[in-house]
Amino acid sequence: MRKYQDMVFTTSARLVRNDAQAEDISQEVFIKAHERFEMLSGSPAAGGWLKTVATNLSINHLQRYRNRWRFFSELGGGTGSGGEDLPAVEFAAPETFFEGVDAQERRAWVEDALAKLPDHQRVPLVLYHFEDNSYDEIACRLGVSLAKVKTDILRARAALAKLLSRGGESMAALSH
Amino acid sequence: MSPNDPEKLEASMHRLLRSLPDRKAPAGLEARVLGELSRRASLPWWRRSYACWPTPVRAAFFIGSAMAAALVVFAFMIVLRSPGAAAVAGGVADRFSWLFIVREIALTAEARARVLFGAIPPLWLYGAIGAIATCYAALAAIGAATYRTLTFARQTP
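One line per chain: the protein sequences are A and B, in this order. Mapping of the first sequence onto my numbering: position 1 corresponds to residue 1, and the numbering continues sequentially without gaps. Mapping of the second sequence onto my numbering: position 78 corresponds to residue 78, and the numbering continues sequentially without gaps.
There could be a bad hint or two in this list.
Said to hold, decoys possible - Take a look, some chain B residues computed to stay more than 10 Å from chain A by CB distance:
id : residue
1  : Trp45
2  : Trp46
3  : Tyr50
4  : Leu71
5  : Phe76
6  : Ile78
7  : Val92
8  : Ile105
9  : Val115
10 : Ala119
11 : Leu123
12 : Trp124
What the hints assert, rightly or not - What follows is a set of in silico ranges between Cβ atoms, one per label pair, in the way DEER data are often shown:
id : chain 1 : residue 1 : chain 2 : residue 2 : range
13 : A       : Asn60     : B       : Thr55     : 25 to 35 Å
14 : B       : Val57     : A       : Asn60     : 29 to 39 Å
15 : B       : Leu99     : A       : Asn18     : 50 to 60 Å
16 : B       : Tyr147    : A       : Leu146    : 39 to 49 Å
17 : B       : Val79     : A       : Ala147    : 52 to 62 Å
18 : A       : Glu35     : B       : Arg148    : 46 to 56 Å
19 : A       : Cys140    : B       : Ile78     : 48 to 58 Å
20 : A       : Ala115    : B       : Lys8      : 16 to 26 Å
21 : A       : Glu35     : B       : Ala145    : 55 to 65 Å
To be clear, the hints were calculated from the coordinates, so they are not data collected in a lab. Ideal Cβ positions, reconstructed from N, Cα and C, are used throughout, including at glycine.
Please put together the full structure from these sequences, using the hints given.
Here it is as structure tokens:
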């Protein structure tokens with residue numbers, strides 16, 4: 001469990017954006033793993049199995065509350081928290097955001113920007129970049145159209161880049 | 001980088017996100033999981049899910065349920081085929097004979113209503129429907145306005 005707990009917690013936390021809920025989900029994942037201990041112990045696929053279960057439980061958790069926070073809103077209006085309402089601006093390549101920033105700060109910075117994205121953008125983005133799901137798989141998993149998944153991921157990347165460049169400007173201002 | 005260059009943005013975002021290390025799980029997670037496992041393990045088998053029941057008990061429960069279902073179906077068939085089934089049906093019909101009276105009353109009321117509404121000029125009917133709709137809308141508006149006023153008054157310190 002010690003070997004995989006960070007991975008399981010991170011998978012859940014990035015999807016549900018709430019540490020307490022991610023901890024609950026992680027607990028459920030390990031209880032399910034314990035029920036299949038004979039199958040998983042010593043199996044090289046144990047990590048993948050845990051990650052898949054963590055992802056599925058997190059998505060189930062999000063879908064349970066979809067009406068409350070308009071998870072798959074086809075309106076796609078967004079709350080503006082992800083920076084999607086900002087005018088399109090030129091931004092530097094993401095690698096250049098972190099010049100002179102140590103690894104710990106960089107991690108916190110990106111995680112914070114990721115958490116600021118609205119749910120309908122963050123979830124497909126996480127599934128695509130962290131879980132290596134294809135657009136089709138994400139559309140199928142979330143029960144939305146392929147076009148919406150592509151649009152949401154595209155907007156999520158742009159919003160994340162804007163959030164990171166804004167963060168970079170404020171960091172630069174702080175350091176001067 | 002231009003926001004209109006999605007391929008470059010995708011590649012650099014992918015590199016950036018994949019370079020992130022895993023977050024540290026809360027220190028208490030392991031203890032929580034172990035505590036929950038021991039709590040569940042201490043439950044007697046009949047308070048756990050069916051999948052956790054001992055195999056002989058599960059088999060016995062399955063056979064018992066199937067036998068009970070078969071018994072119910074068999075008993076129903078016997079009742080239906082028995083010579084007294086017609087008498088039972090007659091008894092049931094007697095018990096619910098008041099439904100026929102209700103039906104007669106409803107049919108009579110419908111016939112009277114047809115005659116009555118036929119005698120009223122259509123303009124009066126439309127006027128009455130309009131008045132009722134207006135009253136309903138006014139009531140809803142007053143209710144909504146009162147609710148908003150009271151809610152706003154409660155939220156304002």
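Cross-check of the supplied hints:
Annotated as non-interface, B/Trp45 keeps its C-beta farther than 10 Å from every C-beta of chain A; the closest such distance is 15 Å. Annotated as non-interface, B/Trp46 keeps its C-beta farther than 10 Å from every C-beta of chain A; the closest such distance is 18 Å. The beta carbon of B/Tyr50 is kept farther than 10 Å from every beta carbon of chain A, the shortest such distance being approximately 13 Å. In this structure B/Leu71 is separated from chain A by more than 10 Å, as the shortest Cβ-Cβ distance comes to about 35 Å.
Interface exclusion of B/Phe76 from chain A stands, the closest Cβ pair being 40 Å apart, more than 10 Å. At roughly 44 Å from the closest C-beta of chain A, the C-beta of B/Ile78 stays outside 10 Å, upholding its exclusion from the interface. For B/Val92, the requirement that its beta carbon stay farther than 10 Å from each beta carbon of chain A is met, with the minimum near 46 Å. For B/Ile105, the requirement that its beta carbon stay farther than 10 Å from each beta carbon of chain A is met, with the minimum near 45 Å.
Look at B/Val115: its CB is around 50 Å from the nearest CB on chain A, clear of 10 Å, so calling it non-interface holds up. No Cβ of chain A approaches the Cβ of B/Ala119 within 10 Å, the least distance being about 51 Å, so the stated non-interface status holds. For B/Leu123, the non-interface assignment is confirmed: its Cβ lies about 45 Å from the closest Cβ of chain A, beyond the 10 Å cut-off. Every C-beta of chain A lies more than 10 Å from that of B/Trp124, the closest at about 45 Å, which supports listing it as non-interface.
Checked against the hint of 25 to 35 Å, the pair A/Asn60 and B/Thr55 passes, with Cβ atoms roughly 29 Å apart. For B/Val57 and A/Asn60, the Cβ-Cβ distance of about 30 Å falls inside the hinted range of 29 to 39 Å, so the restraint holds. Separated by about 57 Å at the C-beta atoms, B/Leu99 and A/Asn18 satisfy the suggested range of 50 to 60 Å. Checking the proposed 39 to 49 Å range against B/Tyr147 and A/Leu146 shows it holds: the Cβ atoms sit about 43 Å from each other.
Distance hint check: the CB atoms of B/Val79 and A/Ala147 are about 60 Å apart, consistent with the given range 52 to 62 Å. The hinted window of 46 to 56 Å between A/Glu35 and B/Arg148 holds, with their beta carbons roughly 52 Å apart. In this structure the hint that A/Cys140 and B/Ile78 lie 48 to 58 Å apart at CB holds, the actual value being about 51 Å. Checked against the hint of 16 to 26 Å, the pair A/Ala115 and B/Lys8 passes, with Cβ atoms roughly 25 Å apart.
A C-beta distance of roughly 56 Å is found between A/Glu35 and B/Ala145, which places it inside the suggested range of 55 to 65 Å.
Of the numbered hints stated above, none is contradicted by the structure.
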